[in-house]
Each structure stands twice: as structure tokens, then as C-alpha cells.
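Residue numbers (the working numbering), protein chains in the order written: chain A, 1 to 411; chain B, 1 to 331; chain C, 1 to 268.
Derived from the structure by calculation, the hints contain no laboratory data. Just to be clear, a hint being listed does not mean it is correct.
As the list claims (entries may be wrong) - Pairs of lysine-lysine residues, derived as PhoX-like cross-links and limited to a Cα-Cα distance of at most 25 Å, are as follows:
no. : chain 1 : residue 1 : chain 2 : residue 2
1   : C       : Lys161    : B       : Lys157
2   : B       : Lys135    : B       : Lys114
3   : B       : Lys107    : B       : Lys80
4   : C       : Lys161    : B       : Lys60
5   : B       : Lys130    : B       : Lys110
6   : C       : Lys161    : B       : Lys107
7   : B       : Lys22     : C       : Lys161
8   : B       : Lys60     : C       : Lys97
9   : B       : Lys135    : C       : Lys161
10  : B       : Lys110    : C       : Lys161
11  : A       : Lys120    : A       : Lys234
12  : B       : Lys323    : B       : Lys281
13  : B       : Lys130    : B       : Lys187
14  : B       : Lys157    : B       : Lys135
15  : B       : Lys293    : B       : Lys323
16  : B       : Lys80     : C       : Lys161
17  : B       : Lys22     : C       : Lys97
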Amino acid sequence: MNHKWKVLSASLGALVFAACSADGEDDRAALIDQEWSDLEEQAEGTEVRLYMWGGDEAVNNYIDDWISPRVEEEYGLELTRIPMDAPEVLQRLQTEKQAGQMDGAADVIWINGENFRNAKERDLLIGPFADQLPNMEAYIDGDSLDYQVDFGTSVEGYEAPWGKVQFVFNYNTEHIDEPPENFEELADWIENNPGRFTYPEATDFTGNAFLRHLLYAGADDPGTLLEAEAGDSKSTDAAEYMKQYLTALKPNLWREGQTYPASLTDLDRLYQREEVWMTMGYNEARAVNKIADGTFPETTDTFVLDSGSIGNTHFLSIPFNASNPQGAMVLINELLSPEAQLEKLDPDGWGENTVLDISALEPEMRNSFEEIDRGESVPGAEVLQDAYLPELDAGYVPWLEEVWFEQVVKP
Amino acid sequence: MIGEVPVSFLEIDRLSKTFGQKPVFTDISINSAEGDILSLAGPSGTGKSTFLRCLAGLEKPSSGRVLIDGEDMSGLRAEKRPVVLMFQQPMLFPHMTVLENVTYGLKIRKVRRKERTARGLDMLEKVSLKTYADKYPSQCSGGQQQRIALARALIIKPRLLLLDEPFSSLDEQLRHSLRVWVRNLLKEENMTSVFVTHDREEAVFMGDRLAVMDEGGIAQIGTAEEVTGSPVSSRVSLLVGDGLNLGNGFVPAEAVTLETCVTENSETDSIEAVVERVWKKHGVTFVNVRTGKGNFTIHSSRTVSEGDSVQLVWKRSTFRTFKQVKDDRHA
Amino acid sequence: MKTVRMMARPFVFLLLTAVFIIPVLLLFLQSVSSPWRFGTLLPGDLNTGGWLHISGDPGLQHAIMVTVGLGAAVVALNLLIAVPAARFLAFREFRGKSVLDTILFMPILVPVIAIAMGLHLVFIRIGIADSFTGVLIVHLIPTVPYAIRIFRAGFERIGTKWEEQCRTLGSGRWQTFWHAELPRLAPSLRAAVFLTMVISLSQYVLTVIIGGGRVVTLPLLYYPYAAGGNDTITAAFSILFAAVPVTMVLVIEILLRTVLPYPLKRST
Chain A
1 MNHKWKVLSA SLGALVFAAC SADGEDDRAA LIDQEWSDLE EQAEGTEVRL YMWGGDEAVN
61 NYIDDWISPR VEEEYGLELT RIPMDAPEVL QRLQTEKQAG QMDGAADVIW INGENFRNAK
121 ERDLLIGPFA DQLPNMEAYI DGDSLDYQVD FGTSVEGYEA PWGKVQFVFN YNTEHIDEPP
181 ENFEELADWI ENNPGRFTYP EATDFTGNAF LRHLLYAGAD DPGTLLEAEA GDSKSTDAAE
241 YMKQYLTALK PNLWREGQTY PASLTDLDRL YQREEVWMTM GYNEARAVNK IADGTFPETT
301 DTFVLDSGSI GNTHFLSIPF NASNPQGAMV LINELLSPEA QLEKLDPDGW GENTVLDISA
361 LEPEMRNSFE EIDRGESVPG AEVLQDAYLP ELDAGYVPWL EEVWFEQVVK P
Chain B
1 MIGEVPVSFL EIDRLSKTFG QKPVFTDISI NSAEGDILSL AGPSGTGKST FLRCLAGLEK
61 PSSGRVLIDG EDMSGLRAEK RPVVLMFQQP MLFPHMTVLE NVTYGLKIRK VRRKERTARG
121 LDMLEKVSLK TYADKYPSQC SGGQQQRIAL ARALIIKPRL LLLDEPFSSL DEQLRHSLRV
181 WVRNLLKEEN MTSVFVTHDR EEAVFMGDRL AVMDEGGIAQ IGTAEEVTGS PVSSRVSLLV
241 GDGLNLGNGF VPAEAVTLET CVTENSETDS IEAVVERVWK KHGVTFVNVR TGKGNFTIHS
301 SRTVSEGDSV QLVWKRSTFR TFKQVKDDRH A
Chain C
1 MKTVRMMARP FVFLLLTAVF IIPVLLLFLQ SVSSPWRFGT LLPGDLNTGG WLHISGDPGL
61 QHAIMVTVGL GAAVVALNLL IAVPAARFLA FREFRGKSVL DTILFMPILV PVIAIAMGLH
121 LVFIRIGIAD SFTGVLIVHL IPTVPYAIRI FRAGFERIGT KWEEQCRTLG SGRWQTFWHA
181 ELPRLAPSLR AAVFLTMVIS LSQYVLTVII GGGRVVTLPL LYYPYAAGGN DTITAAFSIL
241 FAAVPVTMVL VIEILLRTVL PYPLKRST
């Protein structure tokens, strides 16, 4: 018995030692710092594992049915999509970092905002890689603020943009002839149609974004908020407008503002049952999919307010311990290719806006992008571009949650 | 010594058991011949059950040995001993048929199905329950269940059968008929048995010999007649004695007569008593009287009624002094 | 008494229908139709999209196999661990029994995420993170305490007397278990198999953290949809989900009936 224990603890100790002494991080970063043709060569015939949120049928189909066969054919890459949320992926990476585990399961992760900031701060990413991607260099406007800053955190090549969405409102044309053009008109409409509007709680991703739009509307100029910090005098002034606006709205909201939908999913359900006549969300094309899968009434249309629509960019990155960083590079580059981005724009599929600079494309390809009809309910590119507002620093999110709860819900 | 038998098939040698610091029984020695039924009587809580469990191997004795036919049982686990213990409850497996229950021990011993069934049916025939072979225990009465349990025990031909108050859960009438029946079967099978009961009448009826267990030891052992007719102590007399307990000695019941008026006689002794109750049983009148030494039941042909003063009379030569007087405090 | 029972029967039937059958039917209807709209009684048009989608998911068949294999292994290990442990806890008295009892209950009380994080580190060090073995072991944590409780109650109901009766008739421990105890433990066995299967099947966080996406089970595919609000796909998945433990219990039932030497009808 005693002897057995000794052997067991000795071998355990050996394992721990082996795990701790495995220090291949530098090598890992070096692996991606090669000529592109070498990377492609090394990636051939390997498996690459893409970890991404798996709750959207259209997104999953895009990867499984279009990207997967394509990378197999073009690069001999075997793509495996794993449905896992970014917070869980990061949680695991954190522990693996602690344990010195360099044989990571994930090669590519889908990430942005606060998750990105955490990952970058804690060294959970492989390092700057985006600038080495040929498609990034050729088609993406690297100077665009969208791609340099992610919710206030500098990107610095630690992640590559994959897609972007803009915040829009959806409404039912059967009940509303002319959608409101600004927050004042929206308030009037709500007053005339009591119980037909609500928004998700501030703790919800979309609900918080709705509040940020009001914050922008309350600021003299969008620029002031970008420079300000959550909780300082400028942002507090802007929040005052938000507070008064929402408080005035309250009696005419769904259930008289006594309760709010806990998530966008809940709000969409209310809209689907026509209990409310408006919903909202990131992704200007969301109505197309929702109508197609039968969730939204066919009479759904989309509008943005003149005061602006926040754009949200999402990115792809490579973990510090990716087992196949070469494959990851090749996959990400392919996801940024004009062909893949064009397919992604297809309203019958995912229908999401491209991150590519269309003016940098070959004329033929540019035509294809311009000719694509994103669907009746999607606002035109010009409308979206005019309304575009950059995402605020991630620090605003918890601050707004608090302000909303203390000053809007409680009184 | 009273009750010594020449051949000891079952030899219990100075068996003791303590739970922690507390002794349950101490230095019990009993010898029994093959085919003998030994009744073990005594008040509840004197360790009779623990004693049986030690014999069966379910409990480990603190010291002492048990030998069956000269073979020492001490190292053997319960399942390896040629001993079966029957509990108060029939403990029939509810999910098995009567036949499956009876042949359980054979199945464990890897006896073939065909032989098992034949022997099981034979055994059921012996307990007159052959027609119940395919029924389930829940479809049988309490008495039938005990008979099935007995068949299940006997079929594996144990060398020693232990019965721990097997009739106590049955009603009186059933108990009476069953004990005749069980005794006959045990005798027929020449089964060496130890039969535990706290019922004096049952102990006397079932046993070839009778042992009285009290306060962690065997107070007296012998033939039923020896023990009931001349108890060694007032305590034994109280537990199983059949006669008049006079505190310092004992008069067997058959030597006592009930008189209404007494003629002084140098050969007889007497004691005063008051009639408490009169009743009839088996066509004989019984009288329960209260004496200064306690109550006593006697059959009498004299007509007496409740409340009458009477005399109990016996020949002086029939009086036996208790051999152990120290136990008198219980009298 | 009899009349009361006869009167109660249709009532019980109605109750069962209301509580179990109708929701399952609704779920099925939902899985083949477009989403409900407020104010309408019947669901939307026939829509096989939910089933089409899940049957078209390339990982699904593999995930079902992994889930069933994992569930079966979890159930088997649970029985191997819980039956002897429960027997011991039910029949033996020893010092520290109540302490052991509390320790055994801990995994149910402590949040699963707290366990997962600590174990992930340990599993990486002993080399079973991101593996089937690791997930299998981690699934024992939320299941074994329940299995032990169930079997313990079963053994306590049977009592020690039977073991003694069997021993004195000459049967060893294993024979006693096989012939006298197991047939009467059938209700506990069913409950334990079903419960451990369902618990294993519903592990999301533990599977994600320990399996790391290398062990993909049904919940990994299903939960994102449930959270994403696609009712049609969620309903189709739910039915698939329910089918797995039900099939498992059926298999066990058939196994019990063929392997055990006694009919189960009178096992109580």
C-alpha cells in the first residue's frame, strides 16, 4: 500500500514537472512568423479547429456547408467547428496557461469586446498576426478606427476583423406606416401606442447598446463620449438625457415599464407574438433571416435613427497554445477572402456585412458586392454608413447597467 | 451431573460473548446427541438469540469453541457452516416461487435444475405443500410460510438446525398445531436442533432436553421432566418449574393436592391459600390460588368457588430443597 | 376502497395526460411547425426545418454516439461504484459515517463551475483533460452521490436480515446479491440508471471545460440553440434529448428481464 502510494505520487510529480517545463510559447509565435507560402504548405493536410458560438443556424450552415468544403479543396484543411462560447473558451485558456498546457484544443476563436480585452491582458493570444494575412493587407482598410480599436482596446494585430454589424430597429409595417426618424419621434410614437414598445434590460448585450444610443443622443457631439470616460462629468451629462427620456417613457412601455425582457431573445418572442410592435438588435440584416425561418412576421421592416447606429465589429484570433497555428492563419485568411465575404453577405445565408474595403477589390468582384440584394428589409449601404457610430469603450457597459438600475428602474 | 449425554454430536465448549465491555453470556457449555432437540428457554433479553447467532457463525464469539461431530467451527464463516438458522419471520424471498425458495440452498450449491426440482417437490410433499410449488410466498398463510422456511432449511441437510422463536409471530392455535407438526418432522429427519423460545409450554413440548438460560448462563439443563419437576433454584422454578415454589424448595405439581379442610398428619405439609379463579379445560377443573409465596394453578375435583380459603397439601418426602439459594432474591 | 380506486383511475389518467403527454405532444408539434404567434390557437405552418437542420448537422451523429457511449459508461461506472458503496453505508456502522455522508453530498451542493475549474487544472496535469476519460470521470461527480443515495435507500428497505438468512443457507456475498438483493433492487436500479443518464446528458459546463470541444456531446450542440431562441430547432433537439435516456432505460429493462433469474413483477 505504502509503496503503491509512493509510486503514484512520484509519477504524478513527474507529470506535473513535465507539464510545467513544457515551454513552447516562443516557438509557437515563431511558427506564424514565416513566409506565407511556407505557412500554406505546412497547413496542408492538417486539422484546424474553429471554436465559435453555435446558436445561429445560418452562421453554422455558412461554416459547415460553404467554408468547410472550400478550405478542404483549396488548402487540404480539415475544418472542425466546435460550438463553444468565448467566455468558456477563455476560461479554459486561462487554466491551460496556468498549467503550462501547450497542446491546446482551439486553433481559431471568435471574439470581440470585453472578451478580447481580457484575453489580450492575460496573454491568452498568440500575438500580433493579422498584418501577415495577405487578404488583410490587400482588402482591409487598416486605418479604419473600427479595426484598430475593439470596444476601446487597441487591436494591434492580435485579432483580425471578420464581420461587422450595425444596430437597427425592426418594426411591423402592418401596425406602423412610417417609422420614427429620431428619439423624439420614437417617444411620440410610444405615447400614442402604449404597451407596444420595450427594450431588454441593461445587463443584456442589446439592451445596453440601446442605452448607448441614448447616451450618444444626449452628448453634444459623438466625439466627446469617445474621449470621455464612463462616470466623468461629460458622460454623466449625457446620461442625464437618457435618464429623463427613459423615465418619461416608462408608463407607456410594455407592462407599464414594471418589468423588462431579460434578453433580446425574450424581446424577439414578444415581437413574434405581436405583443410589441418593435424590436431591435445588432445586424442590419437580422430581419431577413428571422422572416425566412418564420420567427418574424413577413411584414417586418428595418429602420435606423438619424442620431446614429452603433457598429459592432467582431474578430477572429488564435490562442497562445493553438496546436495548429499555421492552419489557423490559412483559415482566417480564407475567411477574409472576397469570395468568402461575398458568400457571407448573401441574404439567404448569414447575410452579414463585409469588413472588406470594396473600393480595394478587383472591378468584377466589386460589381458582385454592389449587385447583391441584401433583402428588402435591409437599409441601404449609404443609410448605414451615414448613421454609423463607433462602439464606446467597454467601461461604459457596467456603468450604464448601474445608472439604468439606480436611476430608471428604482424610482 | 444431570443431563450429561454419552456421545456428543454437538459440543459447545465454554462459549462467551461480550459486546464491548458488556458480557452477553459467559462460559456456556452444552453437549447434545445427534438427532436431539434441545429447547432453550429463558426470559427475553438474556442473549438467547445472540447465542444462536454465534452457533450459526453470524456473530463471532469472544471465546470458546463449537464442535459439530468433532469438527471445530470456529474458523468457518456462516455460509460455510453446516448450520441453518431460522428466524422469527419466515424470511421467504418474495420474488421467488415457493419451489424456488425451497430449492434456494441447492441452487447455491450448484445442484442441477432437474435434481433440484425433484428434491424440492419431495421436500414440499413432506411439509404437505406440494400443490403450492408454483405459488408465491405472498399467496401463502403465515403457518404455510414457516413450513416452507423449514423445508428450505431442511433440504440442504444441515447437521445442526437452529430455530429462533419460529412460531412467535403466529396466533396461538396455529402455534399449537405447528409445533406438533414441526417436532414430528425434525424427529423423522433425525435433525439435531436447538429451539429457542420464551414460552415455557413450547419449550417443554418441543425439546428432548431443556436448557434454561438466565443472566448470561445456563441455569439448568436436563430432560424436560428433570428441569420442570426439580428446578435447581427458585429462579428456574419461576421460569419453567411445574409445581409449588416455597422459596427455599419446591414441590412438583403432581404431589400437591387441594383440600378444603385439613387433617394434621406427620407425613404431610400444607400451606394456606385463597381461591382466585376457577375454570375448566380439557374437561378438568383448574383452580388458581394465591399463597404467601405467590400464585399457583392446580387441577382439583373438589368444588370450590372464588374467595374460598383452602389448603395446599403435599407429602413431606416430595419436597426438594433448592440447590442454589443465592438466586432467591428474584422470588 | 375499491370504488374509490376505480373512481380515481380516470382522474389519474387525466392528470398523467395533462402533465406528461400533452407537453410532449406540444413539443413535437412545435418541432415541425413555424413559431407560434400570439393570439392564435394553432401553431404556424408545417415546417420540417428544425428536423432537417439537426439531421443535416454533420457533427450530430457523432455527438449522439459520444453522448450515448459516455452515458452508458457513466451509468456502468456509477453502478460499479454506488452499489457496493451504498450497501456498505446502509448495512455497516462505523466511525465517521455521518462525515462521509456529508462529503458524499458535497458535489451536489457546490456549484459545478467551481468544481470544473479546479478539476481542469488537475486533469491537465495528470493528462486526461480534453479526453473522453476525463469527461467520463468528471461526469461521475454530479451523478455518483445520487446513485449512492438511491441504492442506499433500496438496501435499507431490504434490510440486513436477508443477507443473514442467505448466509446461513450457504450463499456467499455475490450469490446473495445476485439472487436475493438485486431482483428486489430493480426499482432502485431503474431510478439510478435513468437519473444518472439524464444528469450525464445534461452536463454542459463540465463537458465544455473538461472535454474542451474534443468531446462533443448533444448538449454542446443543443444549448446554443436553446439560448439563441430558435424554438423549432430547440423543440426538435428536446425530443432527441428525451429519446436518449428513455432508450437507455428500455435497454436496461430488457437486460434486467433477460439476465435476472426471476421475473421482476414481484420484486417489491
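(request) May I ask which of the numbered hints given earlier this structure violates, with the numbers listed in increasing order? (result) 11 and 12
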